[in-house]
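2 protein chains.
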Amino acid sequence: MASKTRDRILDLSLVMFNERGEPNVTTNHIADELEISPGNLYYHFRNKDDIVEHLFARYESRMDTVMVAPEDRAPTLEDIWLQLHLAFECMWDYRFILRDLVDLTSRNRKLRLHYARIIKRAQQNVTDVLLGLARAEVMRASRQEIEATATNILLVATFWMNFNQVRGAQPERAAQDLTRGIFQVMMLLAPFLRDTERLHIHTLAQAYVK
Amino acid sequence: MASKTRDRILDLSLVMFNERGEPNVTTNHIADELEISPGNLYYHFRNKDDIVEHLFARYESRMDTVMVAPEDRAPTLEDIWLQLHLAFECMWDYRFILRDLVDLTSRNRKLRLHYARIIKRAQQNVTDVLLGLARAEVMRASRQEIEATATNILLVATFWMNFNQVRGAQPERAAQDLTRGIFQVMMLLAPFLRDTERLHIHTLAQAYVK
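In order, the protein sequence lines correspond to chains P and Z.
So the first sequence is numbered by the working numbering: it starts at 1 and just counts up by one.
So the second sequence is numbered by the working numbering: it starts at 211 and just counts up by one.
Don't read these hints as lab results, they were simulated from the structure.
Bear in mind that the values here come from a model prediction, so they are computed numbers and not experimental data.
Glycine is no exception: its CB is placed at the ideal position from the N, C-alpha and C atoms.
Careful, some of the hints might be misleading.
To be verified - Here chain Z is said to cover these stretches of chain P; the calculated rule only asks that three of the stretch's residues, wherever they fall, bring their Cβ under 8 Å from a Cβ of chain Z:
| hint | segment |
| --- | --- |
| 1 | 104–113 |
| 2 | 134–148 |
| 3 | 155–168 |
| 4 | 179–189 |
Only chain P is shown next, with the shape it has when bound in the complex:
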């Protein structure tokens, strides 16, 4: 029963952080919304940062399941589309983290270490996938280009939602904009591909830029 309350606190906090922004939600708001006493909430979590840390850990472990390259064969472009979809879905589900990333990671050392680790692992994963594509000669790129591209892929994926917001996108378009983010990442790869694959990506991409 206790652990059920704990999970309910985490689930509801995630919803409230995503909807209102983490800085605008207090532990009292969360307790109110759950109709439990603040004391009951504090029985499960020391403070709001404790809740945020647990949500970070969930985010990290979900991202870990996304960041898996096929072990027994070379990665294909289809693998990359799929990974991108899963990664963007995960980022969307935990969008409060990405929205306030700089603040969250600068005010809390644990979160900073968490996030640096997520980025490092993702960088390694993306680099491995791109090296696989280069070995299979689907993509033509130097080692330096692959590393720089892996960094750009992470940066575009991480800050896509923020970029859309600051350039004045309409909030009601958020779902389409997310799809557009996947397209933007694929466009980072397109110019490195063989002509056949490059054309193939552009055909597939038509579905993404409505």
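Let chain P serve as the given structure and place chain Z on it in line with the hints.
Relative to the frame of chain P, chain Z by itself:
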């Protein structure tokens, strides 16, 4: 004399916002540091947001001088390096804006419109430069690739400092990291270039990734 105080307030606010982060600086801190009374400060500016808006306007007009394509000839790669340097220097000088961009633009409508306009103009400028390179056959890219690349260039440039921070870069490396940002943007172009220019960029880039 009055206008001199006004400029001093703006200059010092910029320094303090950059050093401490805009949310951590109040008008009282600024008045204290300048050794003027809060009343004197309020004679010149209604509130802190008024100061921030004036600094945004300065940032916007400086960015406008950067975003100028050569009128009488096709743009070259050297033009792009130069533009990138000027743009990154400008972003560095006003780094408090980029650090808290999402918060600043979501809490204040004027700033939101300002920034959306800056991004729109930059997108147009970058697209024009890339179209010029494509016409000169220095670069091989479809219209769709050019537009997607222009967006990626803006996104990488805008969030480069934030990305570095969240992946745990050392603050004392900030200047080198800025140079690395210019390199990352050039790497967005490299794969579209003719082999000669692509190689040329890689040679130039060596200076950027020490």
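For each hint, the structure was consulted:
1. Closer than 8 Å: that is the beta-carbon criterion, and the segment 104–113 of chain P has 4 residues meeting it against chain Z, so the requirement of 3 holds.
2. For a cut-off of 8 Å, the count of residues in the segment 134–148 of chain P with a CB near a CB of chain Z stands at 5, and the three-residue condition holds.
3. Beta-carbon proximity to chain Z at under 8 Å applies to 11 residues in the segment 155–168 of chain P; the threshold of 3 is reached and the given coverage holds.
4. Check result for the segment 179–189 of chain P against chain Z: holds, 4 residues qualifying (beta carbon to beta carbon below 8 Å, three or more required).
Violation of the numbered hints given earlier is absent; every hint is satisfied by the structure.
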